[in-house]
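Student: If you're matching them up, the sequences are chains A and B in order.
In case it helps, our numbering puts the first sequence at residues 789 to 1258.
In case it helps, our numbering puts the second sequence at residues 789 to 1258.
No wet-lab data here; the hints were simulated from the structure.
It is possible that some hints are incorrect.
No copy labels: a pair is met if it fits in one copy or bridges any two.
As a list, the in silico DSBU-like pairs of lysine-lysine whose alpha-carbon atoms are at most 30 Å apart [unchecked claim]:
1. 1210 <-> 920
2. 1153 <-> 804
3. 872 <-> 981
4. 885 <-> 1118
5. 1160 <-> 912
6. 1210 <-> 1118
7. 1118 <-> 1207
8. 912 <-> 1245
9. 827 <-> 860
10. 804 <-> 1162
11. 1160 <-> 804
12. 1118 <-> 981
13. 885 <-> 1000
Predicted model, so just to flag it, every value in this text is computed and none were measured.
Protein chains: 2
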Amino acid sequence: MFFHIEKGAEQPAIYKQIYTHLRDLILDDQLSKKKLPSKRKLAQDLEVSLNSVAHAYEQLLAEGYIYSAERKGYFVEDITRYIKRDEEDVPFPEELKEERMNDRFQPEATFSHIATDAEHFPFKKWRKYQQKVMEHHRTQLALLPHPQGPYELRESIATMIALTRGVRTRPEQIVIGSGTQPLIHKLMSLQAKDTQVAVENPGYQRFYHLLKNMGFPVSPVGLDHQGISIQEIRESDPQWVFVTPSHQFPTGTIMPINRRIELLNWAAESPGRYIVEDDYDSEFKYGTDHIPSLQSLDQNQQVIYTGTFSKTLLPSLRISYMVLPPNLLKSYRNAFGDWIDGPSGLNLWTLKYFIDEGEYGRHVKRMNAYYKAKRATLIRELRQTFQDRITIHNIPAGLHFLVDMDTSLSYSEIEERAKDNKIILYTIRRFFLQDYEMTEKGKKKLVIGFANMEDDKVRESVRRLASLFS
Amino acid sequence: MFFHIEKGAEQPAIYKQIYTHLRDLILDDQLSKKKLPSKRKLAQDLEVSLNSVAHAYEQLLAEGYIYSAERKGYFVEDITRYIKRDEEDVPFPEELKEERMNDRFQPEATFSHIATDAEHFPFKKWRKYQQKVMEHHRTQLALLPHPQGPYELRESIATMIALTRGVRTRPEQIVIGSGTQPLIHKLMSLQAKDTQVAVENPGYQRFYHLLKNMGFPVSPVGLDHQGISIQEIRESDPQWVFVTPSHQFPTGTIMPINRRIELLNWAAESPGRYIVEDDYDSEFKYGTDHIPSLQSLDQNQQVIYTGTFSKTLLPSLRISYMVLPPNLLKSYRNAFGDWIDGPSGLNLWTLKYFIDEGEYGRHVKRMNAYYKAKRATLIRELRQTFQDRITIHNIPAGLHFLVDMDTSLSYSEIEERAKDNKIILYTIRRFFLQDYEMTEKGKKKLVIGFANMEDDKVRESVRRLASLFS
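Required output: the full structure, derived from the provided sequences and hints.
Tutor: Written out as structure tokens, the structure reads:
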């Protein structure tokens, strides 16, 4: 054996050195004898303990480098040599490299419609209910969560959305997931690939891209002042329509009852038609009550309702749900009944108590008041700053609104300037899907989100926004 | 107006009653006049406050039941009538109904290989690091998590699996998800639908069903005492092979180095071949060190490594990850770069500190010692109880082992008896994929999981197991 053991505290453990040396010799086919020395012999030669050699041999044995023959000793396996295709190591591609968070973009101002307010999240209450789960639900925590989420949480959600959104559902019909995107992905993966799909234009680009990527023929359908155009739906003749009737994304339109009935009646004409109602931020209404969901008006079980806790709690929590009509639930269970993903049981059980104990309702109510005030300040500041250069689509709902800005800048120029000035700002361009003729003339539409804006930075944010257009 | 307002604390709010009455009259087309009375007039007629009427009108206006014309008053919209296809409501299908958890199956004994031990989970430490996240990472919590998981956690995982599993990866290559199932689903959705896939047989049935459901041609490939058969792989000629080399699921075989190299060399013959190494429970080794992963031996970037925190922490936590070679990472990012799902940011950031502060390593070490002792007790009890009727495949790794039971019962009979006696027990039948000729002669193979068995119930569990075979 031609190797030397380094002793000392800073050296690898002796057994590890023996293991490594022997392994490398075996892999390089440098052991002339197939039989290894006995443990005792090697221990003497290397001047180490028998124990160290025994440990090294055990590891080599476990990994299959050597084998033992009873009363004969240890023998080296006949090890195949590695094939390496390329002579040189391929370096990691530059374009796939990332930066650490700390080195990343820190905005000077944010008008994001995605991020919310974490400062007002009741972390203490959350921890309190989580503590309860940790104490009383260890059995559940040690198991896989139910593929649709715990039944008990689905009961709480069913009761809650019945009260606030008129949604008629049994707990069985609710599927909880890590986002509406993966839920819709699973649901749609069960539909024939030639299923015609219609989405709002402008609209939620993530659903659009998802459906396109899944291979469906997707028609972007235009909007009027009441929401999605029924006439255009009839022209593109889809089987599935994706809508945001409570607060159209991104225009903010609240679909009136008449358009809702027309849309439901369109679906009622054929049992193979479905409407996906994405109720992403309906919890926030400033001035009126909650408006009943499309699902609550549906007479024929053709509406799939989706809701999320991303807006009311935290986007990083990743808890959303969909409510399936019974026939879709059946095929969903057949396909995904043994599917294990979705949010952590710890968070789901915590959410159950959070809802049941009234904390969720109180939080939403508090946030409504808080966002209402911040929104009012923001609108006032925008009006004062931009005067008649701005038109605010002041629909009192949700966590964002549209404005028309009188500017000679193009959409690209606005977006570039925002980027250069470290301002997170989305124009409506992001939400126009294919085929849309976007005029560069006249006023430019901006999406103004206010949830993630710190309340003492409203004035400053508007000032920074103004600097883009000066 | 032909309706009456009920006053009293137990009645709905007055504005709500006015709203509901008017809405129902409008929907039933029972308002003879299209013009509503003025707010003042209606308030007088109903003997309620002007405010209540105003509130009701606002809500009807917001929902689109009425419209207002300046200086003329409020008018009823022309509302389309609902189409209802079926005369009668369809009852919810019996077969889709569920029971509440409390009414569900409570096992008398469990040999589940899925559930783990939640009693020894360091909830206090978890809360401590979570508290840190709640205090110092509010910015991150208010945002969507990175589609691959926070870079900082990926750094921690990269370092950890480099040390324990020899995995060579940059943080960029790690994709964190809610389970290996959804991760593999996304990865495979990018491969051509005629991609030949091979899986171990017996093997992890969830991957098998997933791949079959996705439409891939899947070949179950047999095992010998070293793991998956290279000869059978060559015969079925797949492009992708799914294996569990650290601790074959469910047989427990640890793939020796020679077979590993043969498998890697098979892949190296063509750049379009990939090996998915599911390293689902490699953290648990009783007696030997961790065995280096297949990925660590790969010379050609053709191994996809998947790991999970389901076994070491809690299955209900739903945190797993995969390590992608750069070329697969590229196509993954193109397809899923704007995909939002995966675990909650709160849990991911907590996990980062849990790992970085050494708590994860200490927990795994403690659980190794704990499981080792429980496993030894269980094996002793099994031997004492079943004597020479049982052969234990005593491979000192993981959270389950196989036993051969000498019994005249068939697999179906064993499973039925277990069910009747409220014992969670899986036989190997569950993990045999299609085309497998399972002999009902000779000994029956049982999968004995011990992680979820309470340590003071080992003897009783074995006694209950014995009662099945008496």
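Student: Checking against the hints above, which ones are violated?
Tutor: none
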